[in-house]
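**Student:** Got chain D sorted already, so can you dock chain Z onto it with the hints?
Residue numbers (this note's numbering), protein chains in the order written: chain D, 6 to 626; chain Z, -15 to 479.
Everything labelled a hint here was simulated from the structure, so no lab data went into it. Bear in mind that the values here come from a model prediction, so they are computed numbers and not experimental data. Virtual Cβ for every residue (Gly too), placed ideally from N, Cα, C. Keep in mind that the hints are not guaranteed to be accurate.
As the list claims (entries may be wrong) - Interface residues of chain Z toward chain D, partial, derived using beta-carbon atoms under 10 Å:
{"no.": "1", "residue": "141"}
{"no.": "2", "residue": "281"}
{"no.": "3", "residue": "454"}
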Amino acid sequence: MSAATLTAAGALLPAVPFLVALMGLLLPRAPRPVAAALGIGGAAVALAVAVVLAANVNGPVEASRRWADFGDISVTIGVRLDPVAVLVAVAVAAVALAVQVYSTAYLKDDDRYGPYAAQVSLFTAAMLLVVVAGDLIELLVGWEVMGICSYLLIGHDRRLPEAPRAAVKAFLVTRVGDVGFLLGIALLGVKLGTFRITDVLANAHKLSSGEITVITLLLLAGVAGKSAQFPLHTWLPDAMAGPTPISALIHAATMVAAGVYVVARLFPLFHRAPATLATLAVVASITMLLGALAACAQGDIKRVLAWSTVSQIGYMTGALAVGAPPAALFHLLTHAAFKALLFLTAGAIIHAVGTNLMAAMGGLRRSMPVTFWSMTIGLAALVGVPPLGGFWSKDEIISVAWAGRLDGPAPTWAAWLVWVSAIGTVAVTAWYATRLWLRTFFGAPRGLADAHPHEPPAAMTVPVLLLAVPSALLGFAGLAPGFMRRLGFAGPVHLTGALFVPLAFVAVGIVAAWLMWRRDPAADPARVLGPARPVLAEAFYLDAVQEALVVRPMAALARAVRRTDETVVDGAVEATGRGTSDLGALLGRAHRAALPRAATAVLAGAVLFGLVAALIFGGMR
Amino acid sequence: MSAGQGLLVATLVFPAAGVVAAAAAPARLDRVGRLAGLVAAAATFVASLLLLPHGEPRVPQGAPIRPWHEIDLPWVPGLDLRFHLGVDGVSYPLVVLTALLTLLCCGYTLWRVPEPGHGRLLVALLLAIEVGILGVFVSLDLVLFFVFFEIVLLPMYAVIAIWGGERRRPAARKFVLYTLFGSVLLLVGVFVVVSKAGTADLIRLTGGGGLARGTQLLAFTLLALAFAVKSPLWPLHTWLPDAHTEAPTVGSVILAGVLLKMGTYGLLRVGVGVAPEGARWAAPVLGALAVAAIVIAGLVCLAQVELKRLIAYSSVGHMGFVLLGIATLTATGTQAALIGNVAHGVITGLLFFLAGAIKDRAHTGRLMELGGLRETAPGLAGLLGYAAIASLGLPGLAGFWGEAFAVVAAVQRGWMALAVVAAAGAALAAAYFLRLLRQVTHGPAVGKLSRPGLSRAELLSWGPLVVLALALGLVPAVVLNLSADAARALAEVVR
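Bound conformation, chain Z alone:
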């Protein structure tokens, strides 16, 4: 096994070992368990960073998937299923983002465990989710992809149902049932593709793999619906606000930061890649729904009264931009979607950290009952302002690139009307975020905060996101250069 292959396996084995270590710790050694999980998360993050240096890929130039590192072992020989992992420029940024956010969440949990305690179990579940998400991003076998996609579901359910807010049970139930509905469609879609094509190898499947037009239309419809639930795409989004509002802070961060990306990544890699003809056929509908998501989510945010719910709906809008980029099926749009994905993970992760900190201190998330934060907690108010400004897509910060170039891609595609509405949606984002800041940070102080200052653990877990939001804004090429060839090749396949 080469070093690259070892690292690929390590990104899955380290967090899995962390799950065992954290969960096996006895209750009185709760902190030790959390620490073990943190070490595993850190090791995973390091492994993910080390995946970057690579030689010339095995797959020849011009192919839409050219994994830097690859491992391909028989898994269930009887069913011709293979344990096929690989990482390329499209998946790499998401792998690092997942590892980073999980690390930050584990670190945060070391400092602060939400009610009812048992932090080691929460850490174990976070690491289990990480295994699933990383598995999704590195799977090059469709069945394996599906398996990892499903691994995520139950740990997330448990995180919401155990450590969530007052109405956690219904929210968790809705989350699990709604996304299970998506999973069923995904299962059928995967079955259709694999049975018709006779292979589950994503590299061979990408580009249509000789699937008939009818099969592609059916497959894309099923896959797109499944991923649309996960992303989520309007009108299949309503599980998200409930889940976010009730989930504990770290749950929200993972949910918004990386879990949703399984949907957009899946749509791009599996949906568009495997059934390009279906994608071409459905693209206008997808684009129109994405723009509808942008505007409708924006309007809902404008009338929203709860902090975390507002950020959840803003996620729907941001993912609308990502989906618009994918729907254009152009290299420009794909690139916009990829950087939009990463930027959203960084910025919304930060926003949920901050929202959680505010709710913890003020004991309420209702906007009416918050106010004057810059008088009582200037540091927190400053960071919230920064995150909100980043999230509204200010040029120079990370969020700008994905949104502006989704609009450019729509113009390029000739979807002028969609471009106009999407651009107007960006103005709407400014309106609701400034309304949020005006209610939460400006004005006279309302109520008392339990801890006005910021702890070192908070600064440590938020700092990387603050820096990344600026760094990706100033140097977007860090992400874009990785995926430039893959995006162009994919656009070529779909054309």
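Next comes chain D alone, as it looks inside the complex:
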């Protein structure tokens, strides 16, 4: 295919879901089948286009045109495809399609399904725009539209009182990070005179190392917000107030993946900023451990998965920090598959038992065998049990971190930090995943006596089963040299003896959880955490810290500013007005006099004038 055809097809990736979304939003009262057909159709077309592109894009192709001119700075709009972009596009479109199909059944009784499906399409379009964007401003459009879609969809459920708050939090926390992101982009545009990614990367050598450090740190703020990295990770666990398919979309294919993808795309900038990479290494190390530890103590099945996303994205940013974007992207793809699978199976369980709490589950293995096996694959892939997806990609990250100590763009200590944290997190991940698995599917059922858990309808099981395939097999792609070279690796994965270290940690985590559970299958293995349990359940109270350090002071400041504006600034205006009318009233009163006094005053005035005249003219003579 010619480059023009490829880029035209690339433009369709965001355009088709966008048009579908627009139609859906303009017809909020369209019949349900129409809305569903639009949503599914848009995602299916995007997936088909992405697959065709993945087969045909072998190197960078680009097309762009001028979008807007602001004086000497022009903004372009265009498509910039490379093998990485199209692979990520396939993942995004596939998850989006699964979510659309699944939602038709999951939101069966929802009277606002039409707008919902349209918003999911818009979300998909925005993420695909980020993926194919050839210009930083264009990328920013997709980036922020995703934020607003997450806001709309997290707040979708009207029965949940916490949903509006979680929705606002998701948008605001990411928007705070985006202040930095916008400034970083603005600096790049001003210093290099262009926002076009290819030109920015080609001219990056013109930036001093100080400039590039500042710019990448600013960009990193936005990335931390979108990809839920410490300290801007607080929105993601709350975001599960959205319908479960939305959690799958946000956690697997869109939003959180965007940050990692953008760093990978702009990596030549980051490569030249060791200080930024060291910062990223610290952030990543904290995030992966913090997320995994918080996941250990959650009682809500979706919250466990949400914290696991935080932790797994930490792996990806860790790989970026040690200078290995291909490893980050590999994990991004496997994670997209197994995390979407996990959320959709969790949705099936919630659908069946009517609660998110694992305390009311147990023994579902028999009543929901398909769900059981699907989730088993997902969890094993998450933990990194060979030969499932996560095993290959996580092992790759651990080995690049190990190699990064010796030669890499990041400082040695940073690579060490990532490696230690990654290895430690492997054990914690194995522990919480095993806990979730045992608590949900084994032991005696703890649900309501009259509940009869059952497999969900086909619209929900089929996407789950289809996602189980890449979750299980995508890791083997690591053995295919062609696939790995497309991601940017030098060659296929080499299995070495070093991989026994993480495997040993996996085994430790699984066995520890199992031993604890076996002692009393009805009790929560999290009791072993003892006094640390509430600390982990509250994720080290970082929400409270954020509330105390940011939210409340802002609210107090806002009230104070409003009072000042009303009493001082406007007070001065009102006082001027009042003072003038008071003065006028005073003068008016002085002029309101009875005849004798008025006559006296007139005469006195005449005498005064006379005197003045006499003095002046008398003096002159």
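**Tutor:** Frame of chain D, contents of chain Z only:
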């Protein structure tokens, strides 16, 4: 007279004829009067659209003002005053915006007249305001500019004082006195410029026109203060929230949508254009005040409890971005200011339409007494959400370009600290708009709405704004290309 000149005059004569027709209609033919006004507004809008096709301007390439169409007639020969009108890429978008918003407001008034009735008079006043605003945008003579600037004042006063809310009298009084104070400064400024330069021709004056440095500093100070009151710039803004809160819906729409633009347009065309040296001298102060406006207005909005007051304060913040763009004195900043102006007119116009509709239905504007709108009136809630999201500067919608590129221009100018604070102000905008949506649209329904659905008249008068907010976001070049040369030439003059 050429066709272009005819159209220029028509944009002023049509609404003026509408004023007469609407006001002359007897009380029992109120609707006929409103209809006549609507026809005049529509004719004006068409005339404004037809101004777009044009030949090569008379003024040579590189000049900061190159009118597409121009008419220059003696007016008061004894005082050397001329009736000099023209439209160029800087003023054209604002001319169309003014004509469009007036048309929509007249259409809305055809359907719904606020208390105490007499819709034909309201329409007549709206058209009178239109004459003044359009006159400001097309004047190329400084004295003429001043005259049109003043025409707007009294009709707006009457709109607020007659059709306003409960505390309309004090609000209208404050509006008129405060802006009169600005007008006095403008008058002195115009007098200083015209007497020193010996001409009132804006084309000749632009670029300094040989004014001495001291004169320019004085002139810019006076003009900038006058326009700062109108725009408004913090801390000269306090007339705005009161006026907006009390004004009837159409009054608010015109006030926010186009009346404020007289200030920013005046600052750019007259202030910066006529006294560039003064502008250079005052730019850092102007920039700092603009950023202060962004943040302070944002914080006030965060603690605001009344719907229309909140939107009024958000206007102060948005105009802060526009003023920041102007203050950078760069082509980038000027372009950002121009598209920011238009976007704000579209989006805030829509927001005030919606706020008015909500207040009409719920009979309260207090946020505490509103809630659950998406349960009771999903259409209204959806539109409010859309307008709020557009107003918080979401990329892809109209509001983004002006704000993001005001920040870019500040970075370009080397005002890193101001850029950081302004960008943080954009995050603040997200915070207060989402707080607004959470209180008004989410949660359980509070109170009863008198009419949950949307009428056709409402959809017709809001629809163009909804479409424009998206269209300008996707294709900003529609506005930017018109003014690209003028912005570059102006930046060249100031440099």
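**Student:** Out of the numbered hints, which ones does the structure contradict?
**Tutor:** Of the numbered hints, just 1 does not hold.
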